[in-house]
Every structure is written in structure tokens, then in C-alpha cells.
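J.: From just these sequences and the hints, can you work out the full model?
Protein chains: 2
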Amino acid sequence: MGEIYRAAAKIICEKGYDATSMNDIADAVGITKAGIYHHIPGKKDLLFRIMTFGMDSLEEQVIVPAREVADPELRLRTIIVNHVKLITSRSTPQGYNFVTIVVDEVAGLTAAHRRKINQRKRVYVDLVRDTLRELKAEGKLRDVDLTAAAFSLLGMILWLSRWYSPSGRLSPEQVSREVTKIALGGLLRESAGRPRR
Amino acid sequence: MGEIYRAAAKIICEKGYDATSMNDIADAVGITKAGIYHHIPGKKDLLFRIMTFGMDSLEEQVIVPAREVADPELRLRTIIVNHVKLITSRSTPQGYNFVTIVVDEVAGLTAAHRRKINQRKRVYVDLVRDTLRELKAEGKLRDVDLTAAAFSLLGMILWLSRWYSPSGRLSPEQVSREVTKIALGGLLRESAGRPRR
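These protein sequence lines map, in sequence, to chains A and B. Residue 351 in this note's numbering sits at position 103 of the first sequence; the count goes up by one each step and never skips. Residue 409 in this note's numbering sits at position 161 of the second sequence; the count goes up by one each step and never skips.
Please keep in mind that the hints were generated in silico from the structure rather than gathered at the bench. Source: prediction; values computed, not measured. There's no promise every hint is true.
Which copy is meant is left open, because identical chains are indistinguishable; a pair holds if it fits in one copy or across any two.
[What the hints assert, rightly or not] Cut-off 27 Å, straight-line C-alpha distance, at most; resulting in silico cross-link-like pairs (DSS-like, lysine-lysine):
| hint | residue 1 | residue 2 |
| --- | --- | --- |
| 1 | Lys281 | Lys333 |
| 2 | Lys384 | Lys369 |
| 3 | Lys258 | Lys292 |
| 4 | Lys263 | Lys333 |
| 5 | Lys263 | Lys388 |
| 6 | Lys364 | Lys388 |
| 7 | Lys258 | Lys364 |
| 8 | Lys291 | Lys384 |
| 9 | Lys369 | Lys291 |
| 10 | Lys263 | Lys364 |
| 11 | Lys258 | Lys369 |
T.: The structure is reproduced here in C-alpha cells:
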């Protein structure tokens, strides 16, 4: 089932959601149009399922592992490294990506579906902000506003889906190290004598 | 003329580019459909003009003032502060924004127009990267990859168009200070004894 979403996501990113027909998706997946409708009742539903698939991945690969980490600094690192990995592992040389769909195509959802997706996004933003709040309480955070800090971090990470190409000069591991270094440098105080890798 | 683009940008951000008709735009602008076609030959052309308008604003309000600053650290600050200001000044409580169109709707352009817009974006990325390169030569930059650093900074700034609302808790000046603090903290070495505002 993941394969259908992946192929649909690819074609939607190339053509834009509104310009993509169920026929295009069937062609991209390599099955008949009837076959597509067997799996997916319609385009709006497909968009919601793609986003749900993206949010499920975020939950499994970023949110759940992060919640298992008690120390807020280590949890912040876990969030950054795992989220960067989720994005770089899904990136293609052409730059289409689940992440851009989840982020960009919210207008195409029904109101009920939009509420569900936005609710799941909020859970993630809250996890990031709560982690920063704990770091502040420990005196490890710079004197920054928690909301601005949380969204600046997310912007840095999510923007990867626009510029990072696995066929480029930087390996996924290198780009993960770079983004982690810049993000932690921007958010944490130096004074703790923390090793900056 | 700016008013037509602003109204068109607003409706495109609400409905999505493909779902927006010239009729919708005429309604939003408050003129007849014939009136719209008098100004704009078609939707693809409108999209290009909106993006050109956005890139003109970036050039006038960010790139030109930054090029006038010889010192790279001050130039970096100028870039951040002016780009944040450009975004926050265009933000609306509903979150539609020229920035999101310029960033998200590139797929809707003709190939020739896409080349022109991408060329202008590259000029800006090069300005940011060259500024970081000068800071590296002066020993003021952290040990970070210049490309990863340039795009991390841009991600942080551009993401503002998604989350910042002028009707929220943070004033444009506050959010500018916060983003500047986080960005410079992430990019510059502390050792220079630079005051962190």
C-alpha cells in the first residue's frame, strides 16, 4: 500500500495536486484506473491518506522515539536527527517528497480531514516546544521565545525537503550533522561546556 | 497594480493555484472578468507576475540594501532583519502570503518563466552563501558547511510565512529579534565576544 502513496506523492509533487488526475496516478502506479479506485475512493481521499501516511511516519520515526528520551537535551537531538533522517530518506533527486505534500496541500483537504491533520501537527509542535521549555528550566536554552524557537527549528528541518538532494555533495549523515550543529548552536547556551560535534 | 496581485495572491493562497479561476480573482479584486483580462492575459501569466512582484520586493528590500553593507556580519544581520520584515509585513492573520506562492507554486509556471524565477532565487542564495563564506574567512563562522548553513537560515526565515501571524502574541519587531538571535547563534562563533541582542 505504501507504494501507491509513494507513486501518487511523486506525481502530485511534479504536477501539483489540482492538476493531477486519478488517471495520472494510475499510470504512475502502473495499474488501471479501476484498480486505483479499488484502493482509493477519490482524489481528496487520496490526499488525506498520503498526509496520514506522512504523519504516521513522523509519529513512528520521530515522536515515539523522542518520547522515550527523558533528558530534554538528548530528546531535542533525537527529534532533530530522526526528523532530518525521515526527510532525507524520502528525498529524491527531483525534490518531490511526502513532506512537501503534507506541508503544502492542506487547502485540498475536506474541513474534517484538515482538522485531523492539523491536530496531529499541533501534537508535534507541542512536543518540540515542551522540550525547549524543559531546557529553559534547566538553564540550557538561550534567552529565546519558545514558540519562535520551536518554529525556527521546524523551518530549518522542513526546508530540507526543498533543497536537499541525495545525489548532491552532502550525504544524509553529513547534512544531519550540519543541521544539528546549526540548530543546537542557535538554541542552546554555549556555557554548559557541551561538546559541539 | 500591486493591489491586483495582492488580491490575487490572497485568493490563490486560500483556494490553491489550480482551483482558482480568473472569475474568482476578478471577484476578489472587485472588477469585472473583462477588466482582469485587460490587465492580465491569463492565469499562468498572473502567477509569473505575482512571483516577479515577490522577487522584485525581495530584491528592493533585502538584496539591494544588503549589497551596500561591506562588513559581512552586518550584511548577514541586514539580510535576516530585512527578509523577516518583508515576510511579517506581508503576513495576514489567515496566513496567506506572497512568499508561500513564490515558494510553492513554481510547478504552475511555464518552463521559460520557471527558469527566470529560479535564476533570481539562485542570485539570493548566492548572496547569502557568499556572505557566510566571507564570515568563514574572517574566522567568525562556526565550522559549518556553507550550503547547509545558507539553506538552514533561509528555511528558518521562509517558514515564518507559515506560522507567524501579526494578530498573535509576538510583534514583528519581537519575532525579528528572536529569529536573528537564533540564526546568528547557530551560524556564528561565540568567541568573538559579540553582544547577543
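J.: Which earlier hints can't be squared with this structure?
T.: 1, 5, 6, 8
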